[in-house]
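A.B. asks: Since the structure of chain F is already known, use the hints to place chain V on it.
Chains as they are written, first to last, in this note's numbering: chain F, 1 to 595; chain V, 1 to 442.
Keep in mind that the hints were calculated from the coordinates and are not lab data. Check the hints yourself; a few may be wrong.
As the list claims (entries may be wrong) - In silico DSS-like cross-links for lysine-lysine, where the CA-CA straight-line distance does not exceed 25 Å:
id, chain 1, residue 1, chain 2, residue 2
1, F, K215, V, K323
2, V, K66, F, K425
3, F, K422, V, K69
4, V, K165, F, K8
5, V, K415, V, K429
6, F, K223, V, K53
7, V, K355, F, K215
8, F, K215, V, K194
9, V, K27, V, K69
10, V, K53, F, K422
11, F, K223, V, K58
12, F, K190, F, K177
13, F, K513, V, K401
14, V, K323, F, K223
15, F, K48, F, K156
Stated by the list, open to error - Far from chain V by the CB rule (all over 12 Å, computed), these chain F residues:
id, residue
16, T39
17, Y141
18, L327
19, G469
20, V475
Glycine residues also receive a C-beta, built at the ideal position from the N, C-alpha and C atoms.
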Amino acid sequence: MRTLLIQKAGMSLFILACTLLAAMLFINKYEISRSQLETVLSPQDYSKVSNFISPIINHEYTSSISFNADLEKVLDSANQNIQSTFSISNADLEHSIASFPNENITFNNEILASNFANDSIYNYKKDKLRTYTSWMNGKTYENKKVLKEELQGTTKSINGSLNSHLGFDNYKLNTLKLSITRAANSTPIKDSPLLWLGLTIGLGIFAAMLYILPKLSQLPGIKNDGVFQSAHTSRGWIGYSIGVMLILFYVLLYWYPEYMTNWMIMVDPVSQVLNGGPASQWFFYGLLYTIAIIVMGIRMFIKYRHSQYHIIRTSSVMFFQTSFAFLIPEILILLNQPSMDLKNIWPLNYTFFFDYNIQNLINSGGLGLFMLVWGIILVLVAVPVITYFYGKRWYCSWVCGCGGLAETLGDPYRQLSDKSLKSWKIERWMVHAVLAFAIMMTTGTLYTYFTGSGSLLGLDTYYIRSVYGFLIGSVFAGVVGVGFYPVMGSRVWCRFGCPLAAYLGIIQRFKSKFRITTNGGQCISCGNCSTYCEMGIDVRWYAQREQNIVRASCVGCGVCASVCPRGVLKLENDDPDNRFEKPIRISNSKIEVLN
Amino acid sequence: MKHVVIIGNGISGITAARHIRKASNFKITVISAESEHFWSRTALMYIYMGHMKYEHTKPYEDWFWKKNKIELMHDYVSSINFKEKKLRLAKGENISYDSLVLATGSKPNKFNWPGQDAKGVCTMVSLQDLENIQKYTTNISKAVVVGGGLIGVEMAEMLHSKSIKTTFLVREEKFWRNTLPYQEADLVGRHISKHQIDLRLSTELKEIVTDDREQVKAVITSSGETIECEFVGITTGVHPNIELVKDSALSTNKGILVNQFLQTNIPDVYAIGDCAEQIEPIANRPSIEQVWYTGKIMGETVAQTICRSPKAYQPGPWYNSAKFFDIEYQTYGHVPHIAQPHENRFYWEHPSGNKAMHFCFHHKTNAFLGVNTFGIRLRHNLLDSWLRKPTSIQQVIENLKAANFDPEFFASYEKEITEQFNQQYPELKVKPHKRKRIAGIF
Numbered sequence: 001m002r003t004l005l006i007q008k009a010g011m012s013l014f015i016l017a018c019t020l021l022a023a024m025l026f027i028n029k030y031e032i033s034r035s036q037l038e039t040v041l042s043p044q045d046y047s048k049v050s051n052f053i054s055p056i057i058n059h060e061y062t063s064s065i066s067f068n069a070d071l072e073k074v075l076d077s078a079n080q081n082i083q084s085t086f087s088i089s090n091a092d093l094e095h096s097i098a099s100f101p102n103e104n105i106t107f108n109n110e111i112l113a114s115n116f117a118n119d120s121i122y123n124y125k126k127d128k129l130r131t132y133t134s135w136m137n138g139k140t141y142e143n144k145k146v147l148k149e150e151l152q153g154t155t156k157s158i159n160g161s162l163n164s165h166l167g168f169d170n171y172k173l174n175t176l177k178l179s180i181t182r183a184a185n186s187t188p189i190k191d192s193p194l195l196w197l198g199l200t201i202g203l204g205i206f207a208a209m210l211y212i213l214p215k216l217s218q219l220p221g222i223k224n225d226g227v228f229q230s231a232h233t234s235r236g237w238i239g240y241s242i243g244v245m246l247i248l249f250y251v252l253l254y255w256y257p258e259y260m261t262n263w264m265i266m267v268d269p270v271s272q273v274l275n276g277g278p279a280s281q282w283f284f285y286g287l288l289y290t291i292a293i294i295v296m297g298i299r300m301f302i303k304y305r306h307s308q309y310h311i312i313r314t315s316s317v318m319f320f321q322t323s324f325a326f327l328i329p330e331i332l333i334l335l336n337q338p339s340m341d342l343k344n345i346w347p348l349n350y351t352f353f354f355d356y357n358i359q360n361l362i363n364s365g366g367l368g369l370f371m372l373v374w375g376i377i378l379v380l381v382a383v384p385v386i387t388y389f390y391g392k393r394w395y396c397s398w399v400c401g402c403g404g405l406a407e408t409l410g411d412p413y414r415q416l417s418d419k420s421l422k423s424w425k426i427e428r429w430m431v432h433a434v435l436a437f438a439i440m441m442t443t444g445t446l447y448t449y450f451t452g453s454g455s456l457l458g459l460d461t462y463y464i465r466s467v468y469g470f471l472i473g474s475v476f477a478g479v480v481g482v483g484f485y486p487v488m489g490s491r492v493w494c495r496f497g498c499p500l501a502a503y504l505g506i507i508q509r510f511k512s513k514f515r516i517t518t519n520g521g522q523c524i525s526c527g528n529c530s531t532y533c534e535m536g537i538d539v540r541w542y543a544q545r546e547q548n549i550v551r552a553s554c555v556g557c558g559v560c561a562s563v564c565p566r567g568v569l570k571l572e573n574d575d576p577d578n579r580f581e582k583p584i585r586i587s588n589s590k591i592e593v594l595n
Numbered sequence: 001m002k003h004v005v006i007i008g009n010g011i012s013g014i015t016a017a018r019h020i021r022k023a024s025n026f027k028i029t030v031i032s033a034e035s036e037h038f039w040s041r042t043a044l045m046y047i048y049m050g051h052m053k054y055e056h057t058k059p060y061e062d063w064f065w066k067k068n069k070i071e072l073m074h075d076y077v078s079s080i081n082f083k084e085k086k087l088r089l090a091k092g093e094n095i096s097y098d099s100l101v102l103a104t105g106s107k108p109n110k111f112n113w114p115g116q117d118a119k120g121v122c123t124m125v126s127l128q129d130l131e132n133i134q135k136y137t138t139n140i141s142k143a144v145v146v147g148g149g150l151i152g153v154e155m156a157e158m159l160h161s162k163s164i165k166t167t168f169l170v171r172e173e174k175f176w177r178n179t180l181p182y183q184e185a186d187l188v189g190r191h192i193s194k195h196q197i198d199l200r201l202s203t204e205l206k207e208i209v210t211d212d213r214e215q216v217k218a219v220i221t222s223s224g225e226t227i228e229c230e231f232v233g234i235t236t237g238v239h240p241n242i243e244l245v246k247d248s249a250l251s252t253n254k255g256i257l258v259n260q261f262l263q264t265n266i267p268d269v270y271a272i273g274d275c276a277e278q279i280e281p282i283a284n285r286p287s288i289e290q291v292w293y294t295g296k297i298m299g300e301t302v303a304q305t306i307c308r309s310p311k312a313y314q315p316g317p318w319y320n321s322a323k324f325f326d327i328e329y330q331t332y333g334h335v336p337h338i339a340q341p342h343e344n345r346f347y348w349e350h351p352s353g354n355k356a357m358h359f360c361f362h363h364k365t366n367a368f369l370g371v372n373t374f375g376i377r378l379r380h381n382l383l384d385s386w387l388r389k390p391t392s393i394q395q396v397i398e399n400l401k402a403a404n405f406d407p408e409f410f411a412s413y414e415k416e417i418t419e420q421f422n423q424q425y426p427e428l429k430v431k432p433h434k435r436k437r438i439a440g441i442f
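With the rest of the complex left out, here is chain F (with noise of 0.2 Å):
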């Protein structure tokens, strides 16, 4: 593979780009003042942690992980304190049971803690105590020994829910050092943030365009030269190394967005522009994710510019989202409305029917509500009915976010996925095993919306979307899913994890028109197809028996039919009742097919 002097100079400085904006996480000035603090917190949560707040106050920290860790003390002292002062202690306990006779008790509630002081302090713990204990009245106990065993698991439990009632909870934890590490940040950046964002990203997408644009010097055409000869796609110390950089980030992203304020003090501007505030994690995440599938767009622009059909589907991708996924849900929120990514459809948009989402869209008035609608048309009329015409890719390859960034920045590592029968059994088990997972969930979490239940077959509704945000919203789809891209190629989400493929690979699977047609007898088994798909599809093994294609798992992406040297697959829609057809020999017609 050539490389000319500009493209060097191009990774030069791409590789330089990437190490700033890397080494702009360990610059840190953090220092906060009590008007600061007053400002981003809310009066109520201010007022918890105000007599704890002197050892960060006015403190200059030159690291972000002494000043989280002070921080963290903080609004551990704010919750220890809540705590001391309103958990029920063995002898508030005592007290409260005091009014009851010492046996044969029958438990009326108005009783319990009838005796209790009366200040706000001692009025929470009473009123929690009753409001715990309703359920009792009318039950007898032995005696106060039997009674007090009762009331001990209750007072447990109340403790332990006095973070998120009087506290804080870890969801507001997490949300309290993101703001206040925010607002403590006085790194240069701040003063400049146009200045960094020019020099990372800004030169980033600059020194790429150098690497990319020399490449039409080639002539057009399939040019896979060196790419299993290359450290960087073929699994080599490249490839692992961007696999790390890139788990390392979304693993910042997810869990630990208090260390990255400087990214999104940097994309502010930005922020400001679009949707009139300062920009979230999501925001920095967001315009990373556009930028990332723009720019390698056009990349594949000019790899495939000699086939209009991936030009026109890589415009698609990189429309929907510039504008779906990015602009449109930004500008909402300029103009106060609920902000949704309306290409996004459940199940790979799992917090659709989660109860915040569906009370926010239904108080949100007209919009909110074609929005709830136009979500569950998706789901039950596009994805069927599209589906049947076009085959999964109208979806997979052309309009989704995660299927558009596998299509653009994972389309170097697209012939790492495994080709194996063992892989495809795996594949079978674990995506449809997270459809029925997701459906298990969102199932769960409507009971809880119209019942008020929390616990459907004895399992805690709440507590199964939190495992299932946790274990397939972030780890998989986004630590695996674009952390594994220069392992396991760039599908690895949408072939065993999205189960939004899954519901539309059984459609198009049963129920469509899509197939890819082998052409005749023209197949040389070269194997150019099944090393370049992405999806992990043996496109060979079909197109070698003269068979036509038809698997759950393709997306359409019509890689294999361009790489391909002898032109035998074309991917079409048709006429449904012939896309399994028989293994035939065009060649030698004379010969029956043995199966």
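C.D. replies: For chain V alone, coordinates are given in the frame of chain F:
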């Protein structure tokens, strides 16, 4: 249980083994000295260029053979005793067979050029050849390819992908002119030159010059010119590999002689693929066919003969395909490189010079005889049916759209082709094509 031994694990031998397995429970042994497993020879260039690794070229996973009870032996057959139905292997083992299928393939041609065995002179047929090419082209800057056919252009592309300055010696006045009509040969030649390949037409190799380490230094051409190079690729065709049976009771000519049932003169011994030579060639076809597709069909046919009743080799209408750098080529039926008296021709070429179609039809009956297509894919099953039953050229031109196999959204050229056809053959006037639909293409 009958024991079928197949010598050679190329496409012919392996197809035979698979189809014997489908039709019987015979014991099957496939012996190959080249590789342990079947791999796709057609992908050799892609391994070199880094599009694929060797493992990707195996059409079946390694467990496939055991599961289907096809025994593979990685060994060299040193001799065959046809009388006792026994083989002797290089490692010393003796194997007896009930049926023997010879699928030994081809060997590259070399024409006794001085220096042809020097270091840095390579042919391109086997895995061992690939290793040599890799070895001798590492860190070199200049190469010469000799032989203007399908493998020659592949080798030129391979060397080009490694930025090696390549000179391509072609004996004919145009590239592959002994197979392609003038226009196509010229089209491909122009395309090759566009890739900075120094294409030398009407030029033959006279001598390979070596240095004192027996390493290639230069070649001398038929015009007396010396071209410096560090590597010489010899791609001047292949001949049947019959060394194993040359001096035996088996009757051979250039290849192993077989009848239409692929049987040799010795009972229970068959020959298929590149090494077989038809005693009575099928009309319009060469007696030795060194093509992937025909090897496959012969493998299927011989399996029927061995497992059931003798089945004649009936390959149907001729077809073939290739790729010249970025231009795909398909051919269906016959478009001889020199027009025959009974033929009419219609040639269309896109102004870009990258796409062309060349139709051949009967000058009296107007029956469609064949087509060469460049840069436009055609649908095999439709073309096949047009060639099997009499179809007029008008029908073919009129239905070109249905025969198109290009990917969705590709520009279509039926309108231009029809217009030009009507200009050239006004008496055969074909209904003009409507412009393609704007929407609803897919």
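A.B. asks: With the threshold set at 25 Å, check whether the alpha-carbon distance from F:K223 to V:K58 stays at or below it.
C.D. replies: holds (22 Å)
A.B. asks: For F:K422 and V:K69, compute the direct alpha-carbon distance and say whether it is at most 25 Å.
C.D. replies: holds (20 Å)
A.B. asks: Does the alpha-carbon distance linking F:K215 and V:K194 stay inside the 25 Å limit?
C.D. replies: Holds. F:K215 to V:K194 sits at ~16 Å (cutoff 25 Å).
A.B. asks: Regarding the pair F:K48 and F:K156, is the alpha-carbon distance no greater than 25 Å?
C.D. replies: holds (22 Å)
A.B. asks: Take the C-alpha atoms of V:K323 and F:K223, compute the straight-line distance between them, and say whether it is at most 25 Å.
C.D. replies: holds (13 Å)
A.B. asks: Does V:K429 lie within 25 Å of V:K415 when you go C-alpha to C-alpha?
C.D. replies: Answer holds: V:K415 to V:K429 is near 13 Å, not above 25 Å.
A.B. asks: Below or equal to 25 Å on CA atoms is what counts here, so check V:K355 against F:K215.
C.D. replies: It holds: about 23 Å lies between the C-alpha atoms, which stays within 25 Å.
A.B. asks: When you check the alpha-carbon spacing of V:K27 and V:K69, does it fall within 25 Å?
C.D. replies: holds (8 Å)
A.B. asks: Given the hinted pair V:K53 and F:K422, is their alpha-carbon gap at most 25 Å?
C.D. replies: holds (20 Å)
A.B. asks: Please settle this one: F:L327 was flagged as non-interface, so is its CB more than 12 Å from every CB on chain V?
C.D. replies: Non-interface label on F:L327 holds, nearest chain V Cβ at 26 Å vs cutoff 12 Å.
A.B. asks: Take a quick look at whether F:K223 and V:K53 sit within 25 Å of each other, Cα to Cα.
C.D. replies: holds (15 Å)
A.B. asks: Verify that the Cβ of F:T39 lies farther than 12 Å from every Cβ atom of chain V, and report whether the claim holds or is violated.
C.D. replies: holds (55 Å)
Taken one by one, the earlier hints all hold for this structure without exception.
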